[in-house]
Structures are given as C-alpha cells and as structure tokens.
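Student: Residue numbers (the numbering used here): 1 to 163.
The hints are all genuine.
Taking CB as the label site, the calculated pair distances span:
(1) Asp9 / Pro150: 51 to 59 Å
(2) Ala37 / Arg160: 50 to 58 Å
(3) Phe109 / Asn32: 37 to 45 Å
(4) Lys113 / Asn77: 47 to 55 Å
(5) Val91 / Leu62: 26 to 34 Å
(6) Val91 / Phe50: 19 to 27 Å
I should point out that these hints are in silico values taken from the structure, not numbers from a laboratory. Values in this document were obtained by computation on a predicted structure and should not be read as measured data. We put the beta carbon where it would ideally sit given N, CA and C, even for glycine.
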Amino acid sequence: MDWFAFAKDAIFAALIIGTAFLIGCMLSRQINRWHSAGRMPAMMFLPLKFVLRYGLVLITFLLVLGAFNVDIGNFWNFISAVLGLIAIGFVAVWSLLSNLSSAFLLMTFKPFKIGDKLELPGDDIAGRVTDMNLMFTVIRDAEGRDNHVPNSIFFQKPSRKLN
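With the hints as constraints, model all of the structure from the sequences given.
Tutor: If you want it as structure tokens, here you go:
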C-alpha cells in the first residue's frame, strides 16, 4: 500500500469534511436568522434544517468516498434500487392499510352497524349492511345482490343512514 497516496487522500477527505462542517454551520446560522426575523414560517423551519443537514451529510459522504477513489456508480445503483423498492412497496400496501385503518375507525365510532340500511349516493348503492370485516362492508341491495364496499370509501364519499 502506498502510504503517501493514502495520506494525501486522507488529508483531502479531512478538507472535504471540514468544508462541509463550515458550510453546515453557515447555512444553519442563516436559517436561524431568517426564522428569528420572521421571514420563514415556523412550519418550514425544522424540515428545512433536516433536509439541509442530511443532504449535506450525504453529499459529504459521497465526496469522501470519491477522495479515496471508491467507485460510487454502484452505490448510486444500490440507493436507486432501494428507493424504488420502497416506493413500490408503499404503493402496494397503501390500499390495504387504508382499508384496515378505516375498519378500525368504523368499529370505534360506529356510524352504522350490521342490519342498518345505508345509501352511497354517488355510487348508486343502497341496501342493508349484512357484514363488516377488515377490508369490506357488505351491503345487500333490494335485488339481493351483495356489494362489497371498501371501508375507506366511507371516509372518502358521503354515505346516508336510512333507518
């Protein structure tokens, strides 16, 4: 191992870290000034500091890796793959979690119960509630057909209790 090249890279990495620290202090001080002067809404203060802090940490980390001649192309591939999987998983689970939390709220606040007559005017669904589970509420119409209504619909659209 060439110790001279390593020492040169380590000094360069230390300069990167020191510069990032100074930039972080200056940005933090400026954001605090804007906040105390009333030029920045309070609800924007903490999220902005959070994004700047961790964005600066990420950029510094990547620059330090570059200082040691580490190929960061694979790192970017890994990060984009992980973010893609998180996004796909979030979309896939969103509907399920929405219906589960809606079922919990329906069972807690009890706007209707099994046996009540309900109407969903926008969807032209009306009938008697015959079953409720964690995903659906079953409404049997006048012709005897069962309509499986996702529980989240009761929080997105108006419903009317008929009896």
